[in-house]
Structures are given as structure tokens and as C-alpha cells.
Amino acid sequence: MTLRTTLAAGVAALALGAGMASAQALVYCSEGSPEGFDPALYTAGTTFDASSHPIYNRLTEFKTGTTEVIPGLAESWEVSDDGKTVTFKLRAGVKFHSNDQFTPTRDFNADDVIFSFDRQGNPENPYNQVSGGTWEYYGGMSMPDLVESIEKVDDLTVVFNLTRPEAPFIANMAMDFASIVSKEYADAMLEAGTPEMLNQAPIGTGPFIFQAYQKDAVIRYLRNDDYWDGPAASEALIFAITPDASVRYQKVQAGECHVMAYPNPADVEAMKADENIVVMEQEGLNVGYLAYNTQMAPYDNANVRRALNMAIDKQAIIDVVFQGSGQIAKNPIPPTMWSYNNDIVDDPYDPEAAKKMLEEEGVTDLKMKIWAMPVQRPYNPNARRMAELMQEDFGKIGVEVEIVSYEWGEYLERSKALDRDGAILLGWTGDNGDPDNFLAVLLGCDAVGASNRAQWCHEPFNDLVQKAKVLPTQAERTPLYEEAQVIFKEQAPWATIAHSVVYMPMRPEVEGYVVHPLGGHIFTRVGLSK
Amino acid sequence: MLKYLASRLLTFIPTFIGVTLISFSFIRALPGDPIVVMAGERGLSEERYAELVKQFGFDRPVYVQFWEYLTGVLQGDLGNSFVTKKPVWDEFFALFPATLELSICAMIFAVALGLPAGVIAAVNRGKFFDRALMSTALVGYSMPIFWWALLLIIVFSGNLGWTPVSGRIDLVYYFPNATGFMLIDSLVSGQKGAFASAVRHLILPTIVLGTIPLAVIARQTRSAMLEVLGEDYIRTARAKGMPPGRINGIHALRNALIPVVTVIGLSVGTLLAGAILTETIFSWPGIGKWMVDSIFRRDYPVVQGGLLLIAVMVMIVNLTVDVLYGVINPKIRKR
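Order-wise, the sequence lines are chains A and E. Position 101 (the first sequence) corresponds to 101 in this note's numbering; numbering is contiguous. Residues are numbered in this note's numbering as their position in the second sequence, beginning at 1, plus a constant of 530.
Worth flagging that the hints you see were computed from the coordinates, not collected in a lab. Any given hint could turn out to be false.
Said to hold, decoys possible - Coverage of chain A stretches by chain E, computed from C-beta distances (three or more under 8 Å per stretch; other residues unrestricted):
#	stretch
1	213 to 226
2	247 to 258
3	400 to 409
4	412 to 423
Unchecked claim - Going by beta-carbon spacing under 8 Å, a handful of chain E positions derived as facing chain A:
#	residue
5	R578
6	L582
7	L701
As the list claims (entries may be wrong) - Per the computed footprint, the stretches of chain A lying under chain E, defined by three or more beta-carbons under 8 Å from a beta-carbon of chain E, are:
#	stretch
8	136 to 144
9	190 to 202
10	235 to 242
It should be emphasised that the depicted structure is a prediction, and the values quoted were computed from it without experimental measurement. The beta carbon of each residue, even a glycine, is placed where N, CA and C say it ideally should be.
Make the full structure from the sequences, and use the hints.
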């Protein structure tokens, strides 16, 4: 059965793709296969690049290249005075894509919005269990507690009733998990007994129409000429899945790809010198940190934590671990994020002063553990090496370090323990461009024993962050976050290490590419010069 | 012959059950909870965790899980991937033709070059050609695959531009995967230049994957030939005045082939292992990379199902090798 449907899809796609060879196709060398094409089911950036960005839209969108929230499938929205009711006015005349099994009979409307969220939050919805749905992001962004109900007022008006005011909600609606899928398509597939097609043969409203996918090889898209925001710049978009970074580099050089993801940091200098390659760069929306366990002595003393922070030679880490593709972090949020407090002065690198400070606090012969992640992440390309450098730094002030590591799942699980022994290397990549997504999620009192790996609950800090969360405007929230960063620096629950720098190598003929701070690769307005 | 085949087939049953058990326990013996790995840094609530444990069936005793898996396997159901949610069976057979095509080409390359090289080296024992050939074989055998692959890519694709960097075919060609074998599909598609493009894409991966088996086959052929060439019947043949080509090519080679065929059979396992690196570097959509990714993600159904299917493939190859012994040496099948 499955083989037959695959074949049928292939033949239909062939008919669609006639003349492909002559079409202007943009080829992107991506780093891996998507897990599927329904963004609400997954959390990986690789999956979002292939699904939510080309195929779907959301009620609100992030303006490419910024974390600014702009209208998407919702033309406008209104938040009630108590902050608990959000009314979205939907865009009229938006068309869903079609494929060989489905042709939409109506335009996008409120039913699609309600279905897109109901399937994630309501266990009674027939799609809740389809494809082994785990809806990690929906849960991770606290949507089940936050959304009380979603109501359709008319075809083009939807109301979200919230249990509490929450300023980041509008930005959450622009996240990948909030992509709007077609209810009509979902119903048709359910009736046909193939509900998994929603994930395998996606239908959206986005700039590109999904054409074909061959695992670990290639994904093909065609331009959606009916796109509500005007047709995309390229007639076709092709993802050439190329897992090895050196090979991606060779492919761009040979002209087999126009744009590539994630170069080896060591190759960037050579790429910049190559006239066949243009390298764009931007700070990533992430932070890599070392979190002390602030509930265990002597790390419950802020002076001890600050002394240790002063012993870390961050520049050496940037040079050795990031090979230049990072910048020193002084705040827990990245510099591209609004409310970043640039007035804050980072702890100086001063082992002498650090040693003296430790002695003053009566800490001698300290032995500590540093946890090093077993995996490579954007905010920390080599945690083991980073831990070794810190071991050396701390050795200089008489602190003996033992490096420990566990398998990734174990690492995440064990590091949550309140009595965890030692400081842990970890990090975070922003989801919605909102400071709350860093400050509350990683440092709030509610997150102790979970994502707050410093186990740090400091009332003055927490109050500011909670207060800022319910204020309606960015202007009102900014000063509170700025002050929270000052408290963070004084209290030093973490040593903030680095923000990575994202490099995007591409051919000189590529036009219109913008590096997106939220980490996605977006090709709607990217074309090739003649 | 039939009786011989039947007895060989009977040994399949315990091996099959053993492999099922080992593949099932192997992935579970690794530390790491698939649900936690799936959630990543973001974590998930205890309630949600409990729900997922139930959904994946981890709340039941391990022997019950194994029994369900085994009965599923016997009915041809290997379960669905935790990650892609697709049936393991479908994923395997979508990717396996790519691995098979590459492995067959690599094996043809290795045998076509390794066998004559070994024979020539043996006949010219101790001479320059023999020494040069055997040192080259040693280098080939010891070379790290990823380094060799990148070297070839940089020279032939980057500097000279003779071969494409990676992939199975130029992206301008697009046709349905009727068989999954790109050489066949591109021929059938009738698109001009598609077959040539598929061949060009196969050259470097074939060389890289075939290098180690080539070295092993050349060395094995040489030593087997040397042994046979010292036998009495060869001396007799020479004394009779038989032409050297006939002596070496027919009488000696046929008897030297038994250990060589064994090595070729064993190389199939090596090929599958080498395919993991080769496939990753050349962006070749086969089962090697699929398995490695799944191990990291603790995707139990894929790892246990994939291992089982690979084991069955290796068992079939070994059976074929056993049958080939019988063809080469009739004494074996009468035993």
C-alpha cells in the first residue's frame, strides 16, 4: 500500500515537475534529513527549515532577519485590557496548496486555526495521537496551561482566551509549532485512512509547495504562484541533503549548491578568501553557560561564584573551542535580543584577584566537578575541550576540577537534581526572540529542578521577570529586563561563556539572503542573479 | 544439493531468533531514555513523560515487549520509527537499494581488480610488480575511509572537476524511484544524460568503499595462489608442457578460489560497516547513516529492525557463499 502511494506521488510529482531542468532552482546544501514535515511534532531546526519556513505560515511571523513580530495569516490582533483575551483578524483569500490527493475547496479560515492548536492540546482530537504526536513545543511553551479556549467568532475572526495575561504569547504564535495546517486536508486524509499524510505530504499556505522528498538525499519544492504575500523569488527550491560540512563546502565551490548551512569553523577563513564564495555572518540567538548549583555550598555564596567567574579565560575559549566563531557572553541573553543591557561590564579575567576573593570567603582546597556535554550544540561546539580549559584555569587558583560526562539523555536528566554535585556546561537557543524565553525559562524560580540548572531562585530577580511578563508593551518591559540583568551579574548563578556566530557561505550570484537570528534558513526572497 | 541447502536453511532459525533477541536487548542496554533524548534541553513534564512511556509501551515488562516485538516480526511488522513515525520496513526498503547498488559496484570493482592483481603478483612472486602491488594493497587497507574520500573529492571534484562532489545524480534530473537503483531508474526514465550522470556519481564512492575489500582480496588471492602453485599437480601440468596461462588461469585459480570466496563473503559485512562512513561523506542515502542516526536518537524500533534486516542480508550472503563452495569444489557438498 505504502509503496503504491509513494509511486503514485512520484508520478504526479513528475507531471508537476516537467520542465524543472530549465526552471530557475535555488539549491541549498542542508545538513540533514527532516524528521517529518509537520513542524508541531518536532523540535529540530533542520526539520523547521524543511517544513515550517517553506511550506507553512503562522498567525504572526518573525520578520526575516529580526525578532520583530509582524502580521502573518492574521492581518491584525487585539489584546483585551486584562490581557487575557486575544482576538485575531484573519487574512481573507489565502489559498492552501494542493497535491495529487487533495484539492482545497475553500480558502483558509478560522476552522484551520482552531484545528491546528486543538490537535496539539486536546486528547480527544482524532489527530492528537496520530503519528505518535508528542507536541513537545506546545507543552514546552506552557500552552496547555495558558490557553483556556479558542473560539471562532466568524470565518475570519478567532479569539484565544488565556488563563493569565502573557506578553510573549503573540511571539509564540510566530513559532514553528504554531504553523497553520489545513483542516479540510486533515479531514480528507482521516477519511481516506491515511492521517499520517499530514506529516508526510504536507499542505500549507506558504511560499513553496512540497513536491518530493527522498530521505537523506533531496527535498524538492515548487513556487506557490498564489502566495498571499507575492510569489517567491525562485521558481523552485531544492534541499541537497549533505551531512558532511567539508563536502558541503566542496559543493558550493563546485557550484552544485548555492547556499550551505553550518560550515566548519576552521574553513571560514579560507571561504572568505575564496572569490567563488560570499560569507555572511551574524550572532546566533543563543548562550552557552556554566551553571553552578547555587543550593550547594560553597556555590550558595555569590562571592565564590564571582571569584570562579573571574578565573575563566573566556577569550581562550573563544579562540580554541569556537575557533573564532563566537563572541564572549556577559549577559544571559544574546546581544541581538531587545532589552539586552549593554552597560553591564563583564567580570575581568583576573586569576590573582579570584584567588584572593576565594581566600577571603574561607574557601581553600576546593574540589569541584564540571559536567561536560557529550554532544555538539550551536552554543558549545566542544564541551569537553571547554571543560579542559576551565580545569586549567581553575587549577591556577588552586581549585581542583574533575570533568564528568554522561550520555546526552542521562546528562539532561541527572543535571536537574537539586543536590547535583558540580557546575554544568549547557546552553540555550531562543525560540521566540522574547527575553522571557531566556530569563524566566532558565533562571526563574518555577524552573528550579527543571530547566533552571543553577537551581537559582532569587526573589528580586524573579519578581522583575514575572512582572515584565504581563506588561503589554516592549517599552514597558525593557527597563525591568535590563535591571534583571544587573541583578544576574551581581549574583552570578552562571558563568556566561559565549554566543556563537552563525556563518552562511553562499555563491556570489545569490541575491536577497538574510541571516535569521532565530536560526532558521529562509529562502522566500532569495533568488539568483542572471 | 537440495539436502545440503535445506540443512543450511535450518540453521537460519536459531540464528534468526538469536539476532532478534540481541538486537532487541542491545539498544536497550545502552544508557539513555529515548523520550528524554527527544525532548532535549527543553525537557517535559512528569505527566507528559508518563503518557509517553505508556504510548511507547515502556511501562510493560521487558519480556512482554520482546514477545510483542517477536510476534510482530514474524508477521512482517517491525514497528514504527519513534522519530519519523513511519514503518521501519518502509524506511529500510526505501534506503536499502542505494546501499545495495553502491555495495555491488564496490564489490565488482574490488573483485575485478583484486583477483587479477593477486594472480599476477603470485606468478611474479618477489619481483618488482609483486612488491609494488602488495605495498599498495597494505596502504589501501590501512587508509582511513573519511580521509581517502575527502582526498579524492578535493582532487577529482574540486581541483579537476571530473566527478561530482556528492549525491546520486544531478539535481536537474527528476523521475520516480521505480526500483530505487539509480542506474536502472535513470535508464528507464529515458531522460537524456541521466544514466551518465548516475554513473559519474558512482565513481568516487565505489572506489572509496571498494578500496579495503580490493586490498584484502588481492592479498588473499596472492597467498592462496602461491600455496596452490606449489602443489604436485601443478608441477605435473608444467612437466606435461601445458601453457602457463592455462595452468594459472584454470587449474591453479580454481583451487585458490575457495579461501578467496570466503573473504569476499566476509567482506560483505565490512562493506556495510564501511558504507556508514562512505554514505555520510558522499551524501549517499543508504541504510548506514540511517542506522547511526537512529542509535544516537535511541530510536529503538529502527535500530532493532534495521539490525535484524542487515543480519538477514548477511545470512543470505553467507548461504550463497556456502552454495558457491559446493559449485567450486564438489567434494564439499557430498560431505
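**Request:** Please count how many residues of the stretch 247 to 258 of chain A have a CB within 8 Å of a CB from chain E and say whether that reaches 3.
**Result:** holds (count 6)
**Asked** Are L582/E and chain A close enough, Cβ to Cβ, to be under 8 Å, as the hint says?
**Response** Cβ of L582/E sits 6 Å from chain A, so the hint holds.
**Asked** Can the stretch 190 to 202 of chain A be counted as covered by chain E under the rule of three residues or more with Cβ-Cβ separation shorter than 8 Å?
**Response** Three-residue rule met by the stretch 190 to 202 of chain A, so holds; n is 3.
**Prompt:** How about L701/E: closest beta carbon in chain A under 8 Å, or not?
**Reply:** Constraint on L701/E satisfied, holds at 5 Å.
**Prompt:** Do three or more residues from the stretch 136 to 144 of chain A put their C-beta atoms closer than 8 Å to C-beta atoms of chain E?
**Reply:** This one holds; 4 residues, not fewer than the three required, reach chain E with a Cβ under 8 Å.
**Prompt:** For the stretch 400 to 409 of chain A, do at least 3 residues have a Cβ located nearer than 8 Å to some Cβ of chain E?
**Reply:** Held - the stretch 400 to 409 of chain A has 4 residues with a Cβ nearer than 8 Å to chain E, which meets the minimum of three.
**Message:** Count the residues of the stretch 412 to 423 of chain A whose Cβ falls closer than 8 Å to any Cβ of chain E, and tell me whether that reaches three.
**Reply:** holds (count 3)
**Item:** Outcome, coverage of the stretch 235 to 242 of chain A by chain E - at least 3 residues whose beta-carbon is closer than 8 Å to one in that chain
**Value:** Holds, because 4 residues of the stretch 235 to 242 of chain A bring their Cβ atoms closer than 8 Å to Cβ atoms of chain E.
**Asked** Would the hint on R578/E stand, with a C-beta cut-off of 8 Å toward chain A?
**Response** holds (6 Å)
**Request:** Check whether three or more residues of the stretch 213 to 226 of chain A sit with their beta carbon closer than 8 Å to a beta carbon of chain E.
**Result:** The restraint on the stretch 213 to 226 of chain A holds, since 6 of its residues have a Cβ under 8 Å from chain E and three suffice.
Violated hints: none; the structure is consistent with every hint.
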